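All chains, full assembly: derive it from the sequences and hints.
Protein chains: 6
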Amino acid sequence: MTNSAPALISSLSPLIIDDAVARALREDLGDAGDITTAAVIPSDKTICATITSRQSGVIAGVDAAIAAFRLVDSTIKTEIKNGDGYRVQIGERILSIEGRARGVLSAERVALNFLGHLSGVATATAALVEAIKGCKAKIVCTRKTTPGLRALEKHAVLCGGGANHRFGLYDAVMIKDNHIAVAGGIIPALRAIKRTIGHMVKIEIEVDTLEQLETVLSEGVDVVLLDNMSTDDMAKAVTITKGRCVLEASGNVTLKTVSEIANTGVNVISSGWITHSAPCLDLGLDVQ
Amino acid sequence: MTNSAPALISSLSPLIIDDAVARALREDLGDAGDITTAAVIPSDKTICATITSRQSGVIAGVDAAIAAFRLVDSTIKTEIKNGDGYRVQIGERILSIEGRARGVLSAERVALNFLGHLSGVATATAALVEAIKGCKAKIVCTRKTTPGLRALEKHAVLCGGGANHRFGLYDAVMIKDNHIAVAGGIIPALRAIKRTIGHMVKIEIEVDTLEQLETVLSEGVDVVLLDNMSTDDMAKAVTITKGRCVLEASGNVTLKTVSEIANTGVNVISSGWITHSAPCLDLGLDVQ
Amino acid sequence: MTNSAPALISSLSPLIIDDAVARALREDLGDAGDITTAAVIPSDKTICATITSRQSGVIAGVDAAIAAFRLVDSTIKTEIKNGDGYRVQIGERILSIEGRARGVLSAERVALNFLGHLSGVATATAALVEAIKGCKAKIVCTRKTTPGLRALEKHAVLCGGGANHRFGLYDAVMIKDNHIAVAGGIIPALRAIKRTIGHMVKIEIEVDTLEQLETVLSEGVDVVLLDNMSTDDMAKAVTITKGRCVLEASGNVTLKTVSEIANTGVNVISSGWITHSAPCLDLGLDVQ
Amino acid sequence: MTNSAPALISSLSPLIIDDAVARALREDLGDAGDITTAAVIPSDKTICATITSRQSGVIAGVDAAIAAFRLVDSTIKTEIKNGDGYRVQIGERILSIEGRARGVLSAERVALNFLGHLSGVATATAALVEAIKGCKAKIVCTRKTTPGLRALEKHAVLCGGGANHRFGLYDAVMIKDNHIAVAGGIIPALRAIKRTIGHMVKIEIEVDTLEQLETVLSEGVDVVLLDNMSTDDMAKAVTITKGRCVLEASGNVTLKTVSEIANTGVNVISSGWITHSAPCLDLGLDVQ
Amino acid sequence: MTNSAPALISSLSPLIIDDAVARALREDLGDAGDITTAAVIPSDKTICATITSRQSGVIAGVDAAIAAFRLVDSTIKTEIKNGDGYRVQIGERILSIEGRARGVLSAERVALNFLGHLSGVATATAALVEAIKGCKAKIVCTRKTTPGLRALEKHAVLCGGGANHRFGLYDAVMIKDNHIAVAGGIIPALRAIKRTIGHMVKIEIEVDTLEQLETVLSEGVDVVLLDNMSTDDMAKAVTITKGRCVLEASGNVTLKTVSEIANTGVNVISSGWITHSAPCLDLGLDVQ
Amino acid sequence: MTNSAPALISSLSPLIIDDAVARALREDLGDAGDITTAAVIPSDKTICATITSRQSGVIAGVDAAIAAFRLVDSTIKTEIKNGDGYRVQIGERILSIEGRARGVLSAERVALNFLGHLSGVATATAALVEAIKGCKAKIVCTRKTTPGLRALEKHAVLCGGGANHRFGLYDAVMIKDNHIAVAGGIIPALRAIKRTIGHMVKIEIEVDTLEQLETVLSEGVDVVLLDNMSTDDMAKAVTITKGRCVLEASGNVTLKTVSEIANTGVNVISSGWITHSAPCLDLGLDVQ
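So the sequence lines, in the order shown, correspond to chains A, B, C, D, E and F. Residue numbering for the first sequence follows our numbering, starting at 1098 and increasing by one per position. Residue numbering for the second sequence follows our numbering, starting at 1098 and increasing by one per position. Residue numbering for the third sequence follows our numbering, starting at 1098 and increasing by one per position. Residue numbering for the fourth sequence follows our numbering, starting at 1098 and increasing by one per position. Residue numbering for the fifth sequence follows our numbering, starting at 1098 and increasing by one per position. Residue numbering for the sixth sequence follows our numbering, starting at 1098 and increasing by one per position.
No lab work stands behind these hints: they were computed from the structure. Possibly wrong hints are sitting among the right ones.
A pair counts as met if it fits within one copy or between any two copies, since identical chains are not told apart.
BS3-like, lysine-lysine: derived pairs with alpha carbons at most 27 Å apart [to be verified]:
{"id": "1", "residue 1": "K1174", "residue 2": "K1142"}
{"id": "2", "residue 1": "K1291", "residue 2": "K1230"}
{"id": "3", "residue 1": "K1142", "residue 2": "K1333"}
{"id": "4", "residue 1": "K1142", "residue 2": "K1178"}
{"id": "5", "residue 1": "K1339", "residue 2": "K1174"}
{"id": "6", "residue 1": "K1339", "residue 2": "K1273"}
{"id": "7", "residue 1": "K1339", "residue 2": "K1291"}
{"id": "8", "residue 1": "K1142", "residue 2": "K1353"}
{"id": "9", "residue 1": "K1174", "residue 2": "K1333"}
{"id": "10", "residue 1": "K1142", "residue 2": "K1230"}
{"id": "11", "residue 1": "K1333", "residue 2": "K1353"}
{"id": "12", "residue 1": "K1178", "residue 2": "K1353"}
{"id": "13", "residue 1": "K1339", "residue 2": "K1230"}
{"id": "14", "residue 1": "K1142", "residue 2": "K1339"}
{"id": "15", "residue 1": "K1233", "residue 2": "K1339"}
{"id": "16", "residue 1": "K1233", "residue 2": "K1273"}
{"id": "17", "residue 1": "K1353", "residue 2": "K1233"}
{"id": "18", "residue 1": "K1230", "residue 2": "K1333"}
{"id": "19", "residue 1": "K1273", "residue 2": "K1142"}
{"id": "20", "residue 1": "K1233", "residue 2": "K1174"}
{"id": "21", "residue 1": "K1230", "residue 2": "K1273"}
{"id": "22", "residue 1": "K1233", "residue 2": "K1291"}
{"id": "23", "residue 1": "K1142", "residue 2": "K1291"}
{"id": "24", "residue 1": "K1174", "residue 2": "K1353"}
Quantities reported herein were computed from a predicted structural model and do not represent experimental measurements.
Okay, here's the thing in structure tokens:
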């Protein structure tokens, strides 16, 4: 990843962004609104402000920050200095804002909360991506996302150079240990799926052992999740599979372990940490 | 904090919980629903399951987890084993669930996402609280919360033994540096507030120096935020203030620094980290 | 209050206004819309109209009236002639409207319903404020508001020269007789609150007798509500309190009694009447 | 009207009631909920309470009050003592409530706000109905209702013995002076309507003079609104009309004037006052 | 009906259109958005496109199609070539669109789904209207509409030259066989209605036989529904009724039978088929 | 398909059903509710009723019908006689209902509108499925669905024996002619997708000619859409493809043509007609 923003392929819709941001604004403004600003700041006072980064990291969520200012006061003007996907250094500008001071200050916290959280996700993703540079494996996120923010966090993962796993229970099949147990084994579970699932849906199944992998490969499947396997077994799985399906490694993926995992030759490495535990990127809004 | 759950004083309403959980379920189920479970699990199959902790920490969000199962299938029965505020050890049970397998498995991830995230917030709070044991200072959260989850995170902070700062821009006055700059100084800002604000609203003002503190004390205010002061200056601020207002310390609050800050004698220590960057608590659902 | 609008300190957010107005428009337009106007008025006919007052009073809610026209037809132009807080005389103009006749006539009733109701609240408030002119006491509203319109009515109270009490159950503590009875007395109730409540929340307690007041003062509290006390007892309460807390008078507050109450020296007089029973201000829209 | 509740014909749907009550509860509980009750009242404490009237009047809105308790705590039990349409005396019981004290106290204000407001509308309506006892005229409400509460207020008017005018712009035609002016007269306006309007929609037109009435009668119409006419002219209108349409009197309808208006022989008397300016009925919740 | 669009009298509100279209867009875009377009089409690529008809028919729903493009990308420009009510031939243009390719392609399907469905309803209506050309009877729709789209389908019926029956259970009385059975006959049912119903509400009653018709006429009613009568009986009903009420024919209304029904002299012919079973009009969007 | 209901694999969530049904109920009940029933039917009258079919067809949407009765009156009891996927004959029972007459009659139309529409979709699907009996091809639906009802219609297609294509723009890639044109050809379009799309997303591309098919096969893709090809070319496509991808036939699919198309050996046949133009199944509710 270079220092300039990549050509993003995200398709996050403005309907999704505005809905999430309006919800957060209602949460922060309540019924009484910003009572401090209304009492202290004249209604016609205008200001210029800039959001800058106080940490290095990767930016995500600029459109949400812009929406916060726009939804509070539609006359506020914003200009993106370094947008989603940009690898920012300490002190670099992300967004400039100009307009009535009341609106700028009232929207500030919501704008920063989105931008800080999503840039945190992007930065954590980028750290894993960086750690496996040169390997063919992709870093992907999971369904372990913050409730209510999945679409935005999936977008932030793309900003960080990662890729997306399925978005929910609805857009791909994932047969896990509990499904296999209830269904009476891997073969009955896979056959039940294939009898009914549509032709546009990919099928993934979780295996714990190389024996299970062989069974799965004999039935045919799109993706196999190697759950908490040793890297030795992962390497064997790659050898056994011979490209007959995509291999996804999962479990105990950290900045320390990810490179060793990637070197086994798996295609995809999934991490819950990048969405459920990524620390916020430290940003600030400065009035000029 | 003992190992048994404290008598919580949280007043989180079921309207808030159900709204947040329904939103998260729609996000995970989409239009097509849980296509894997529908294909693999017979509709009349029932199971018993337990949510247990794979880490030690403090629990928060059990009501949200229960809501996830109830909203997916109102016939599922749940029983709290160790509820909000409980200091859980590895392997201890939090919630048992019994009912149709389809509903249990479809709601699992949303239930765990809430419980893991909120228990993460409670656990981070408890760590700060533990670190200043014996001091009179309270640990409080800020408005740096995850968009859409503020009410739930504020509740989680209580579960961890912390206290709540204001909930939003609407329920208390906080005069910050930008307000002071636009208003033309601390005195004009404070007087503008006092002219107009209601008698049920507390007033807090941010100061950077001891000189500003003296000015503020001469005007009278409920709470003063000591922003990024050295602990030496905090201690002097305590001496100067003589209990005339509540003193809140803010900035650079970490597990390493918090004890030294508390020892200055400040009344309140606020931390954004406990809500915006607390790592998720690792939990799992096991089918019996 | 002079005849010109005061510099209002209201922080009512456009998100709140638009939500309430859109709801009222859906209520009035239903699925079929304005069937009379559609049949009688050509779609390209434009008109100028003015909202004027047919009574003297104080204006509140002009932004809601403007929102009604804008949400029905975003091309309609409005100009405020005399806005929120203005003390209007019979026949004076409040708002001029210009645009397509269909939109103007379809939005008329919703615009007038908001403006008439909220100006009624402001006018009732101003009457109480006027009646205690020269006294230090403030007139404040209560939680006895019209369901769904609290934020707008609280704003109208400010327009009438009053101040706001707490907005709901969430932003301040108010310990009432039922709480005291269940808690086992004033002292246990107050101590339970102080053990748990955050540092940004004010505490008010209701007392019926001077003995209770003395107990409360010895414990310390922000505000005491003197509930249905005689004005003699109120005056004694002022003497006893010596400024140690804010004293609020409540019960039997009318245009006839309010001056005598204010003369006791209490700080705050609260009235449910100004929000739950204020008659509508009579306004009309005239097409030119 | 006797002292027992009439067999009401209202068709108010539970979907409408729950939506309005949930909105009011969110307004009162905010994000933090009832912070006083949570701190003072043990979670397992139960109480019995009764809502009684402190004024005589006519009850409306009991279902909304019940919904307030149910939506806050679904285990609370309520029993109607004297329901919608009942003419209550001072001190009589309306509703008894039994359940957890926290829920009862948290829902109290919202329950009383609905019941007080709607009973106020019913009581005002009943006063007008009583004043014209023996006349054939019906008292009806208008579209001058409180924004967001139209369906509930229309129901309250029925409880008070009145009848409903159209619910909105969508369910009946009402040609007013502005429509007539733009259309170029009464005849073009009426013919435009008749060309296009459906066979299930009634048509009303407003007239200011007896000459206009004759024109309207020659064209044929369902209802004629006599706008601000003298009672002499109203009586003449009745004579002229000979039952060819329904005659509705409007303007300056008060408790003093309504009997004289009814004696002219008009069929319907409409009043905005009963919905937009009816004072709240004074009710209280007492814990036993 | 000529080939040019009639001056429509529809009063469909933009609030209704935008709500329905936003719902459909969320349905099609989900959380991930248009993943194909985002990957293949550069964000700054602009295109011109045209919606044309691949069948002859009558257009309805152009405003919904426009809303689809606007809500996805507010910078897209549209121009109506042949709007609602226009009788289109194969290959004729309806709407031209110009703007960013991503937005145009992402909104295309939702725009066409509304336009095709509603034009299908208009076209089916127009076919019935055409079939009874020269008769006085009007073609009207029923409550047998597609769930969620009633307001839009009622509008489409007007576009096709038909008229609207009641919009729902709320805006007119319709006494059906089940009501009559429970009420104990036609006379008790009609009298119950007349005792309570407002003066702005029309009353219709369903009859199966000419004897029932005579009973109804003796009581007086606005509209009588002749349910599944033979055309012979319908003609007799017309003779019996002598214009004392509106006669509506219902049941077995098809393109083959409608002319014979109209020739009986009934006033109104209602058809569920035009809303619940009208085939979609085939339209396409072509990029230039 | 036998006459008994198949074990359905649908995963339609109750959240989706209740949302759509509540929306339709609000549409039918409006603010005034069912004014006929309220006036004619005593509130305590109970009835038994049955929904039966007046046509043969395949049932879908019974859960939506049940939800309509439950949401209007939660005490109404329902029992499924022949549920989703059942091939019903004229006069056969689908659902029995028992409870208060007001609720049953008020919910009747909404229940029938869902059940009739969705059973219409299932019946149309079953007709195509029946027509290709013995062939391996599956009948699938498209995104040409009724706005707001996609999830329910996709479910109805499963009830009719069909399968689902992608649910929206978000869950699978479909590269159409316009994408290819803008991207500069099939190869650049496919490569752009493969560079960025996640490993859980299937990729389909539309081709018009056999040359295009060969290009696509050389690049590799999951599914190829043969758009409006002759059946001769389809057969050649099958031969060329040799199972290297799924082949989907689209365009001009009717009851007459579908068998010939299926006989070409394609895997999937997609039809917009089954969702956008399926006639309603004729059902009725009879009171016993």
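Report the numbers of all earlier hints that the structure fails to satisfy, in ascending order. 3, 5, 8, 9, 10, 12, 14, 20, 21, 24
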